[in-house]
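So the chains spell out like this:
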Amino acid sequence: MNAGTPSLPLPGALSAPGSHAEREPAASIEHIRFDGVGIRYGRQTALSGFDLTLHAGEALALLGPSGSGKTTALRALAGFIPIAEGHIRLHGRDISGLSPQQRGFGIVVQNYALFPHMSVADNVAFGLRARRLPRAEMRTRIEHYLELVGMRQYARRRPLDLSGGQQQRVALARALAIRPDVLLMDEPLSALDAPLRREMLGELITLHRELPDLTMLFVTHDQSEALALADRVGLLRDGELLALDVPKRLYDRPPNRFTAEFLGQTNLLAVEIPQHPDNDDMLNVCLGKQVLRVPRPDDWTGAPGPGWLCLRPHLLSLEPAAGMNNRLDSRVLGAEWKGSHYRIELEAEGQTLHVEANAALPPPAVGNRTTLSFAPTAGWLLARDV
Amino acid sequence: MSTPLPLRIRRGLRLPRTLWLLPPLAVLGLVFFFPLYELVQQSLSGGAAHYLRVLHAPIFLSALGHTLQIGLLSTLGCLLLGGVLAVLLAFVPFPGSSLLSRFIDAFLAYPSFLIALSLTFIYGAAGLVNASLMQLLHTSVPPLNFLYTTTGVVLAETTFYTPFVLRLLLAAFGTIERAQIEVAQSLGASPWQVLREIIAPAALPALLAGGSLTLMLTLNEFGIIFYLGAKGVITLPMLIYGKAIQEFDYAQASVIAVVSIVLSLALYALYRLSFNRLQRDHALPL
Numbered sequence: 000m001n002a003g004t005p006s007l008p009l010p011g012a013l014s015a016p017g018s019h020a021e022r023e024p025a026a027s028i029e030h031i032r033f034d035g036v037g038i039r040y041g042r043q044t045a046l047s048g049f050d051l052t053l054h055a056g057e058a059l060a061l062l063g064p065s066g067s068g069k070t071t072a073l074r075a076l077a078g079f080i081p082i083a084e085g086h087i088r089l090h091g092r093d094i095s096g097l098s099p100q101q102r103g104f105g106i107v108v109q110n111y112a113l114f115p116h117m118s119v120a121d122n123v124a125f126g127l128r129a130r131r132l133p134r135a136e137m138r139t140r141i142e143h144y145l146e147l148v149g150m151r152q153y154a155r156r157r158p159l160d161l162s163g164g165q166q167q168r169v170a171l172a173r174a175l176a177i178r179p180d181v182l183l184m185d186e187p188l189s190a191l192d193a194p195l196r197r198e199m200l201g202e203l204i205t206l207h208r209e210l211p212d213l214t215m216l217f218v219t220h221d222q223s224e225a226l227a228l229a230d231r232v233g234l235l236r237d238g239e240l241l242a243l244d245v246p247k248r249l250y251d252r253p254p255n256r257f258t259a260e261f262l263g264q265t266n267l268l269a270v271e272i273p274q275h276p277d278n279d280d281m282l283n284v285c286l287g288k289q290v291l292r293v294p295r296p297d298d299w300t301g302a303p304g305p306g307w308l309c310l311r312p313h314l315l316s317l318e319p320a321a322g323m324n325n326r327l328d329s330r331v332l333g334a335e336w337k338g339s340h341y342r343i344e345l346e347a348e349g350q351t352l353h354v355e356a357n358a359a360l361p362p363p364a365v366g367n368r369t370t371l372s373f374a375p376t377a378g379w380l381l382a383r384d385v
Numbered sequence: 000m001s002t003p004l005p006l007r008i009r010r011g012l013r014l015p016r017t018l019w020l021l022p023p024l025a026v027l028g029l030v031f032f033f034p035l036y037e038l039v040q041q042s043l044s045g046g047a048a049h050y051l052r053v054l055h056a057p058i059f060l061s062a063l064g065h066t067l068q069i070g071l072l073s074t075l076g077c078l079l080l081g082g083v084l085a086v087l088l089a090f091v092p093f094p095g096s097s098l099l100s101r102f103i104d105a106f107l108a109y110p111s112f113l114i115a116l117s118l119t120f121i122y123g124a125a126g127l128v129n130a131s132l133m134q135l136l137h138t139s140v141p142p143l144n145f146l147y148t149t150t151g152v153v154l155a156e157t158t159f160y161t162p163f164v165l166r167l168l169l170a171a172f173g174t175i176e177r178a179q180i181e182v183a184q185s186l187g188a189s190p191w192q193v194l195r196e197i198i199a200p201a202a203l204p205a206l207l208a209g210g211s212l213t214l215m216l217t218l219n220e221f222g223i224i225f226y227l228g229a230k231g232v233i234t235l236p237m238l239i240y241g242k243a244i245q246e247f248d249y250a251q252a253s254v255i256a257v258v259s260i261v262l263s264l265a266l267y268a269l270y271r272l273s274f275n276r277l278q279r280d281h282a283l284p285l
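Line order of the protein sequences matches chains A and B. Sequential numbering from 0 applies to the first sequence in numbering that gives the first Met the number 0. Sequential numbering from 0 applies to the second sequence in numbering that gives the first Met the number 0.
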């Protein structure tokens, strides 16, 4: 928080990790639908056969590396770029041909895009003037939305006199003042430094809670933002939607290797899966000579063959504990202090993996042999071809 | 023996700082201050009474009127035409717009008298338009006869000086964040509102700079009027030329030249004043 900028009335949701991520979308009324949308820049395909449905009132994050097409999808929805194929529907109505003015969405962009020659209040009033609202109504809305983002006392300031965080709050107030039912946010926190980013993220989560009818599409390359804010996360790569689910399920049960590696830290170990009876909920997999027991994925065909065992570093332990029935003999290759934990590098059956170990305890000596433990439910099996 | 040497070196290092100023000052003195001094002295040779006599002469007042009229109308024309073209080139991309933009760059190097010549070929008594109209209307008198009047001069000066405004505006438009325009559209602004409330304020410094530059250049324009041969259109530069070259009346020519310089400087000062005020009141981006 910048000095003198009051926070939103509710505390940031970062204080309650996990609770938001586990939330299933509250409503399932279709609000926006991308229907086989394709977008090309010259000969380059930016988005191809893109299907996505946003439910009314949900916050959906599009996550992916640079050039994955996430911003293109948002800009197409905003009406800034024409689509080459498919349709975009709002409440079932095709809006592909409508101009940005006719769509009426609120938008917040990375560099705020505030109008520098206007005061903070005039910036917020811009959309209201375009809608020819009565003066009294305009004044009420300006005060309300500046209050909402804690910027009421800065109403007469110019944007250039404000810090990055304050400018982003004004941009948010400006977008919300027109009372859109869809809010588009394109990397809204990327231009802020780390503490401000954390704070603004908390405030966006609070905002989502306070405005339950507002559908939000949020584009980011930062997984922690997506996991914390979104009801659902869509993961894109090379213009294709590779995964879409609630954040926790996507993190715990990634549908493919790209998702497993992009969302958080992970160990992907090449394993062999022997033939199993169909009715077994668990599978035995072989990591070299060692046998590990992991949950059977719902879509597992039962055919034996190679697979990837996905193990999150923080779910592995150097200290055996109750329920951690899987044991993995390994050798310590190195230890790196990360402040909150040690990142230990180990080798098991010729494969390298990492563990997050308690920073309060001394790390194991390099070269020592140690036994890793993890609960069967900590592992997740992926077919080798995904 | 070894102590004084560094002192001499230090002194030697200090001296060039002042010496560096001398060459530009000498050049400025030779090409600018000395002729200006000579001009002012020549204008004062007849005393204040001579000044008053020249300034009250009907031919001077008429030339001053023509100069201001042509300068202001041409500047207005340049700002309007340049503004429209700049908006089209910057925000309404069309096939060949980049080629046109490059042509405008090349146009800045075009000599002004060639514009007058080109317009003569088009609108002159025997030009393309008049010849066609004469054939069409079966008349031997050219129907269009504006080229050798104030209108013709304004048309020619607007044509020639518009790229100066256009170039400055395109540079200013290039600094506007595209996201600002997109956000404005998303907030429901019409294209006219975007132009008026987002683009125009950002382009205002460039518009003022272009306008003042054009005004000063059009006030002192000589080549276009001379080449058009608009005999009834006597401006201050034409009057100075007539007095100095045709009548050899250098004293009177100097008085008119001094007035011309004062007029240009006064307009420049007015421009700076209004620009500073605008910058203070509206936090202009420049």
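Please keep in mind that the hints were generated in silico from the structure rather than gathered at the bench. Be aware that a few hints might be false.
Among the chain B residues that face chain A by a calculated CB cut under 7 Å, a handful are [what the hints assert, rightly or not]:
| # | residue |
| --- | --- |
| 1 | Ser96 |
| 2 | Ser139 |
| 3 | Gly173 |
| 4 | Glu176 |
| 5 | Ala178 |
| 6 | Gln179 |
| 7 | Glu181 |
| 8 | Val182 |
| 9 | Val193 |
Each residue gets a CB set at the ideal place from its N, CA and C atoms; glycine is no exception.
Structure-based check of each hint:
1. Because the closest C-beta pair between Ser96(B) and chain A is about 17 Å apart, greater than 7 Å, the hint is violated.
2. At a threshold of 7 Å, the smallest CB-CB gap from Ser139(B) to chain A is about 56 Å, leaving the interface hint violated.
3. A least Cβ separation of about 16 Å between Gly173(B) and chain A goes past the 7 Å threshold, and the interface hint is therefore violated.
4. Hint on Glu176(B) holds. Least Cβ distance to chain A is approximately 6 Å, under the 7 Å limit.
5. Among the interface hints, the one on Ala178(B) holds; its C-beta lies about 4 Å from the nearest C-beta in chain A, closer than the 7 Å criterion.
6. For Gln179(B), the interface hint holds, the least distance from its beta-carbon to any beta-carbon of chain A being 5 Å, beneath 7 Å.
7. Of the supplied interface hints, the one on Glu181(B) holds, with its beta-carbon coming within about 5 Å of a beta-carbon of chain A, less than 7 Å.
8. For Val182(B), the interface hint holds, since its Cβ comes within 7 Å of a Cβ in chain A; the closest pair sits about 5 Å apart.
9. Of the supplied interface hints, the one on Val193(B) is violated, with its beta-carbon coming no nearer than about 9 Å to a beta-carbon of chain A, more than 7 Å.
Going down the numbered hints, you'll see the structure goes against 1, 2, 3 and 9, while the others check out.
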